[in-house]
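Chains A and B supply the protein sequences, listed in that same order.
Quick note on my numbering: the first sequence kicks off at 1 and runs consecutively.
Quick note on my numbering: the second sequence kicks off at 318 and runs consecutively.
Hints were generated in silico from the structure; no laboratory data involved.
One thing to keep in mind: the hints can contain errors.
What the hints assert, rightly or not - Below 20 Å or equal to it, Euclidean Cα-Cα: the simulated DMTMM-like pairs (lysine to aspartate or glutamate) are:
1) Lys-37(A) to Asp-331(B)
2) Lys-9(A) to Glu-184(A)
3) Lys-37(A) to Glu-607(B)
4) Lys-354(B) to Glu-303(A)
5) Lys-37(A) to Asp-553(B)
6) Lys-354(B) to Glu-140(A)
Protein chains: 2
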Amino acid sequence: MSGNTELKKARAGDTRALARLISLVEDSSPRVRDLIKELLPSTGSARIIGLTGSPGVGKSTVTGALIGAYRAAGSRVAVLAVDPTSPFSGGALLGDRVRMQDHALDDQVYIRSMASRGHLGGLAASTPQAIRVLDAAGFELIIIETVGVGQAEVAIASLADSVVVLLAPGMGDAIQAAKAGILEVADLFVVNKADRPDSQQVVRDLRNMIALAHLGPADWKPPIVSTIAMKGEGIDELVGRLDAHWSWLGSSGTLEQRRQARAREEITALAFAALRGRLTVNRLDTLAREVASGRLDPFAAAEELLNTRDGTDTEYG
Amino acid sequence: MSGNTELKKARAGDTRALARLISLVEDSSPRVRDLIKELLPSTGSARIIGLTGSPGVGKSTVTGALIGAYRAAGSRVAVLAVDPTSPFSGGALLGDRVRMQDHALDDQVYIRSMASRGHLGGLAASTPQAIRVLDAAGFELIIIETVGVGQAEVAIASLADSVVVLLAPGMGDAIQAAKAGILEVADLFVVNKADRPDSQQVVRDLRNMIALAHLGPADWKPPIVSTIAMKGEGIDELVGRLDAHWSWLGSSGTLEQRRQARAREEITALAFAALRGRLTVNRLDTLAREVASGRLDPFAAAEELLNTRDGTDTEYG
C-alpha cells in the first residue's frame, strides 16, 4: 500500500486506512520515515490537548464529554490513549475505554490506544508521529490521554498544545500530583467528581500549590475547573477555558514556541531511539561484562559505546 | 578534597564525608568520573534491594522495619529514597521519611533522598553511581526506595538484586500496578496493611495475575508476603524470603546475569546523558524550528543531530 493512497482514504473518513497508518507508526516500521515525509506538508493545523492524572480520577469520562462538546461544534476529534507497558496489554485493561463508546459509531471520531512496547523512549518517539498522521488525516482536535502519574506520562502530556491535569477527591490528591511533577506541566486543572464531600478541599490545596510554586507564565495562570463529568456538569466551562487557552497560545506567540519545543523533544527522542538501536550490538554486552566485573569504569564504557560505529543503518524504534 | 580521603572517612562511619561524595554524584560533578574509577575496586559486595509501589502503600514503614531487622543481624544499611522531580522538592514532601527516623541516630544506617533534577535520564545515570559510593563505603545492604508508579520508577527498581513490589488494600491495587508494568519486575510481593478488610482479595488478585502472566523464572516464583509493617508483623517472613532470594540469585547464576544487565543499563544511561549534553547546542534549536515549520522531517533532523560533533568534551548529567 502507498502511504499517500492510505492517507487520502483516511482523510475521506476511512477508519481502517487510518488504523493501518497508525499501526505502521506504532510498530516503528522502516516505512514510517517515508510516510511522515509524505504527509508533513499536510500537518500543522490540528489542535492538541493533553489529558493526564492519576488512575481513577475520571480521565476517560472527561475525554468522552470533551469529544461530545467538540463534535457538537463540528470538529473531527481523535483520541490517543497512551498506556504504559503491561503484560496484560490490550483489551483486558482497556475497560475504561468503554466510557468513550458513546462515540464509537461516529465516523468523525477516532479513538486509539497506544502501547509503549517495553521501553520509555518508545512512546516518546512514536506518539508525535501518530499525532502527525491524525493531523494530516484532517482531525481538528487530537486528545492525548495518558494513564498513569510517572514522568513518562508527564513527558507525553507535554507534547500537547494545552495540558489538562485531572484530580479528584480521594484519588491521587494534589500532593501526589506534585510528587510526580505533573502540576508543572498543567495549563488547566480539572477537579472532577466535584459532588464528593472533600472536593472543595482539593480545589483549595491546588490553589495554594499554584500560588506557592508560581505555576504558569505571568499572563496565563492555570484556572481550576470543577466538573462532574459523569453528569456533564462543568464541561461547558472546561471547553470555554480550553478555547481561551487556545486563543492565548496564538496571541502570545506561545503556540509557536511550544511547537518548537515539541519538535526538539521529538528529534531528541528519535535520536535516542536510533542510539538505542545501535546499542543492541554485541559490543554493549562485552562492555557490560567488563563494568560488572569492575575492570572498566562505566563512563569509559559509555564513551566507547557512543564512539562505536557498527556500519549498520540507523534504526528507529 | 580527595575522593580517596573522603572515602576512607566514609568507610570509617563519617556520614558527612559520605554525604559529600553522594552530592558529587547527584550534581553530576565532572569529578564523579575520577571518583568512580578510584572506588571501583572496592565495590561489588553490597546486596541491593529495590522497593517500589504506589504512593500510600507503606514503603517507608516497610523500609524502616527492614532496616531494623538487618541492623539486628549486624549489617550496615543504606537507603536511597528516589523522588521524582517536583517544584516542591526537598523537605516539604519528605514527611514520609520521618517514619525512618527510628534509625536517625544509628551511625551504621545512612538514609538519603535523591531528586531527579528535571529529566528522566538523570536518575538512571546517577543512582548506579550513588550505589557504588555506598557499596565502596562498606554498606552491606542498600535499599533503593522509589516513590511513584511510572516507568521511571520501574527502571530504577530494576537496578536492584532483589525487587520488592508493595501493594496495599485500596491503595494502588494490583490492576494499577499491572498497568504501570511494575509486576513484571517483582521478585517478591508484599501486601502491606494486611489488617485491612480487603487485603485477602488483593492477595488473591495478585496470585491470579502471577499465574496469568507467568511472572518470574521457572525456578523462582515470586512469593507473596502479608505484612502489617506498622506493628512489625510479617517482617521476619519478608526477611526470610529476601534471604532465600539472595541465596537463589547466587546459586542459579542469576546474580551475575542481573549485574551485567544492570551494567548495560548504566552504560546506556550514561551514553544517553552524554548525548543529551551534546543536544544542548544551538544546532538542536535550529533543527527544531525547521521541523516545527514542516520544512524538515524529524527523522532527518535526528540523524543530523547524531552526526553533529561540536568539538566540546563529552558531558555527563
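Hints versus structure:
1. Lys-37(A) to Asp-331(B): Status violated; Cα separation ~59 Å.
2. Lys-9(A) to Glu-184(A): 39 Å, violated
3. Lys-37(A) to Glu-607(B): The hint holds at about 13 Å.
4. Lys-354(B) to Glu-303(A): 14 Å, holds
5. Lys-37(A) to Asp-553(B): 60 Å, violated
6. Lys-354(B) to Glu-140(A): Distance ~55 Å between Lys-354(B) and Glu-140(A) Cα, so the pair is violated.
The structure is inconsistent with the numbered hints 1, 2, 5 and 6, although it conforms to all the rest.
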